[in-house]
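There are 2 protein chains.
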Amino acid sequence: MAEETLLSVDEALARVLAKAVRADSRCVPVERALGLVLGETVCAERDSPPFDRAMMDGYAVHGADAGRTVRLVGEVAAGDEGASAKPLEAGTAVRIMTGACVPAGAEAVVPLEDVTLAEESLLPVPSTVTAEQHIARRGCETRAGTAVVREGDIITPLVAGTLAGVGYEAVAVYPPPRLAILATGNELGASGAAGIRDTNTPMLAVLARSMRVPEPECFRVGDTLASLNSALGACESATHVLLTGGVSAGAYDLVPEALAAWGAKPLLHKVRQKPGKPLLVATRTSAEGHDQLIFGLPGNPLAAHLGFQRYVAPALRVYMNKSPEPRRERATLTTALSGDRTRTTFALATLRGGGGEADARWWAEPVRLRGSADLYSAAKANALLRVEPGQTLAAGSEVVADWLVGCEAEPTLE
Amino acid sequence: MAEETLLSVDEALARVLAKAVRADSRCVPVERALGLVLGETVCAERDSPPFDRAMMDGYAVHGADAGRTVRLVGEVAAGDEGASAKPLEAGTAVRIMTGACVPAGAEAVVPLEDVTLAEESLLPVPSTVTAEQHIARRGCETRAGTAVVREGDIITPLVAGTLAGVGYEAVAVYPPPRLAILATGNELGASGAAGIRDTNTPMLAVLARSMRVPEPECFRVGDTLASLNSALGACESATHVLLTGGVSAGAYDLVPEALAAWGAKPLLHKVRQKPGKPLLVATRTSAEGHDQLIFGLPGNPLAAHLGFQRYVAPALRVYMNKSPEPRRERATLTTALSGDRTRTTFALATLRGGGGEADARWWAEPVRLRGSADLYSAAKANALLRVEPGQTLAAGSEVVADWLVGCEAEPTLE
Numbered sequence: 000m001a002e003e004t005l006l007s008v009d010e011a012l013a014r015v016l017a018k019a020v021r022a023d024s025r026c027v028p029v030e031r032a033l034g035l036v037l038g039e040t041v042c043a044e045r046d047s048p049p050f051d052r053a054m055m056d057g058y059a060v061h062g063a064d065a066g067r068t069v070r071l072v073g074e075v076a077a078g079d080e081g082a083s084a085k086p087l088e089a090g091t092a093v094r095i096m097t098g099a100c101v102p103a104g105a106e107a108v109v110p111l112e113d114v115t116l117a118e119e120s121l122l123p124v125p126s127t128v129t130a131e132q133h134i135a136r137r138g139c140e141t142r143a144g145t146a147v148v149r150e151g152d153i154i155t156p157l158v159a160g161t162l163a164g165v166g167y168e169a170v171a172v173y174p175p176p177r178l179a180i181l182a183t184g185n186e187l188g189a190s191g192a193a194g195i196r197d198t199n200t201p202m203l204a205v206l207a208r209s210m211r212v213p214e215p216e217c218f219r220v221g222d223t224l225a226s227l228n229s230a231l232g233a234c235e236s237a238t239h240v241l242l243t244g245g246v247s248a249g250a251y252d253l254v255p256e257a258l259a260a261w262g263a264k265p266l267l268h269k270v271r272q273k274p275g276k277p278l279l280v281a282t283r284t285s286a287e288g289h290d291q292l293i294f295g296l297p298g299n300p301l302a303a304h305l306g307f308q309r310y311v312a313p314a315l316r317v318y319m320n321k322s323p324e325p326r327r328e329r330a331t332l333t334t335a336l337s338g339d340r341t342r343t344t345f346a347l348a349t350l351r352g353g354g355g356e357a358d359a360r361w362w363a364e365p366v367r368l369r370g371s372a373d374l375y376s377a378a379k380a381n382a383l384l385r386v387e388p389g390q391t392l393a394a395g396s397e398v399v400a401d402w403l404v405g406c407e408a409e410p411t412l413e
Numbered sequence: 000m001a002e003e004t005l006l007s008v009d010e011a012l013a014r015v016l017a018k019a020v021r022a023d024s025r026c027v028p029v030e031r032a033l034g035l036v037l038g039e040t041v042c043a044e045r046d047s048p049p050f051d052r053a054m055m056d057g058y059a060v061h062g063a064d065a066g067r068t069v070r071l072v073g074e075v076a077a078g079d080e081g082a083s084a085k086p087l088e089a090g091t092a093v094r095i096m097t098g099a100c101v102p103a104g105a106e107a108v109v110p111l112e113d114v115t116l117a118e119e120s121l122l123p124v125p126s127t128v129t130a131e132q133h134i135a136r137r138g139c140e141t142r143a144g145t146a147v148v149r150e151g152d153i154i155t156p157l158v159a160g161t162l163a164g165v166g167y168e169a170v171a172v173y174p175p176p177r178l179a180i181l182a183t184g185n186e187l188g189a190s191g192a193a194g195i196r197d198t199n200t201p202m203l204a205v206l207a208r209s210m211r212v213p214e215p216e217c218f219r220v221g222d223t224l225a226s227l228n229s230a231l232g233a234c235e236s237a238t239h240v241l242l243t244g245g246v247s248a249g250a251y252d253l254v255p256e257a258l259a260a261w262g263a264k265p266l267l268h269k270v271r272q273k274p275g276k277p278l279l280v281a282t283r284t285s286a287e288g289h290d291q292l293i294f295g296l297p298g299n300p301l302a303a304h305l306g307f308q309r310y311v312a313p314a315l316r317v318y319m320n321k322s323p324e325p326r327r328e329r330a331t332l333t334t335a336l337s338g339d340r341t342r343t344t345f346a347l348a349t350l351r352g353g354g355g356e357a358d359a360r361w362w363a364e365p366v367r368l369r370g371s372a373d374l375y376s377a378a379k380a381n382a383l384l385r386v387e388p389g390q391t392l393a394a395g396s397e398v399v400a401d402w403l404v405g406c407e408a409e410p411t412l413e
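Sequence order for the protein chains is L and H. According to numbering that gives the first Met the number 0, the first sequence is numbered sequentially starting from 0. According to numbering that gives the first Met the number 0, the second sequence is numbered sequentially starting from 0.
These are calculated hints, taken from the structure and not from any lab test. The C-beta atom is built at its ideal place from N, Cα and C for all residues, glycine as well. Check each hint, because a few of them may be wrong.
Derived coverage of chain H by chain L (criterion: at least 3 residues anywhere in the stretch with Cβ under 8 Å from a Cβ of chain L; other residues may be distant) [what the hints assert, rightly or not]: (1) 134 to 144; (2) 201 to 207; (3) 261 to 275; (4) 398 to 404.
Starting from the given sequences, assemble the full structure and let the hints guide the process.
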């Protein structure tokens, strides 16, 4: 098949997204929900603050007593209920702690550091006291019944605090996918000179973890239909199945046949891209009744990596009710970059600079590979650039760089 | 003490960083090391590829046979050692699979799809075959003894794959800190109208998790010296101790006294900032012999949050051998923002836009709080803005926005 007639990268992604489903929401402990998307809108079940709250350590006074000396008649600590039940009489004050209930009738809190007691129980109230100072009235932050966080919000530390504030220890979220990873190939882990190490499983497992997939199930599979069938049979619970290797034209490339036997329907096979042309994607309904997306990634680690970044990651994001798009930056290309003649090229690059710099500019430096499977040079990449067939991007031109999953900018020591 | 004479926010951070130590490196499984910093330089222990590797499915041929018809004499599969031991004779070819050893003497691989066999064992070699095509020679990617990843590199999925490629299942990293969180206050979890929920512990625990701290130890402590002392006594293993509440001037603010009794040396107390002025930081040598940094954060959740973002997070990053700086962006302010008259104000904001937009511009919208402890409105924030004392930033002005820990940009569905 001439490369020009292969499926375009945009059409391939569109086909994957058309079949990408969203998870059903389910309840998880708030402390483990960081970065997940809320599956419910949560309302305050009571006013906040739930009582008139002192916001400083000091003295609760009547506003009308500004400029007068009043008598200290007691104290209210935070969490201290009895004392607050008694209304404050004119001409008196109580010592009060941050977070405590302001007694009825009190209209201001005079901070501790703003006054000196005349005698132990005589308080000169400054004339500058203003009504309501350092008091947060019941319900001023939120009223019972008001939505405090909404379905679709991402759970951040502040959202976790808010959920705790309204009494939620667990909350409905769109949960992470259940992932199975099958590395095929007799050469993987084989002893002797022709054996090679399986780099795809650790790489894909770390990619999955970086997207909050808790424990991907991993299988190593030899180049026989029987071992492929048996491993696939253990994947009924998975929502997404990733295979590596065995999708090209070789005599030992049994993945298409095994997937057909498993009842998977092909969605696409071969994409006009470099690397990763032999990509195969299929769909299936699992024996447990849920939809499955199955990705046959090439065995070349850089091709498998691209397949994950470009097609698997968007589907996983949709599953978690997030935008399929990666984070991206506009960047200046440091050196010229040429694409393949007939295929869309996805080139690895290192992004540097950004908002921490004076001009906030990002620089994208293409990674030079020593061969199409050179994982070692690729290790310094954190972003992906796209070059159209036959296109050459000049040094200094502006490009869009997609952050690689698992490499989202974190300042490093240079 | 007049606020003008309080410690500046820059001096406070400098004092914390001066005492922030880096962890000793230790070995962890590669699959759990995402985002940590390598504590060793790792070298390839053999050439990669370890043999001359076919990069396509096809036929291994002699370059001199271009344009001739040659005889197929066998096949070599990936992982298949015996066959590759035999050198290829002129006038012959072998069927070869991607990832297999190219036989000695072969100088090119002709892809399967580029030829049609004349008869079952006769292969017309295209005249366009070029020397070395689709062969990755032994050692072309990396040579035995060459460094493939370096101390200081952050572990990404591609780095994990590289480590697997050189046989590493575990690797030395700068590990995450061991964190203890002590929430003080009789009002926390108290039943009845004066009780409030503890929002600080879940919020700080999620903040810690977002920085890869695995399981912070959490304690709830009443307002007595005895309960504080007892909880601190359980923190000897912690590298960093966070307390919330009890650091102001109130009669129940026992943290300074308890810390002194525990042998902690004050590093600073009170900072010219809003929120979070009562911050207290101390240092100590634990009974186990390691350095400890102790943060007395205010009880107000927004003040505790700021204290974590501004002082705790940089110390934790340094511990993991990362830059203390947060990720930041240049952004355009959407509405005017005024600072406190005498203190540096840290205002929460929502960052929107960025590299995914046509103009790559970020917009920072200050979050309007309904009171100084309004966690509910704060929940939509993902960034922090700094306003100097007495300063007003005009709408439309350019500001530097620090991403909040745990909120680093992730595209959301709008």
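query: Which earlier hints can't be squared with this structure?
result: The structure conflicts with hint 3 only, although it agrees with all the remaining ones.
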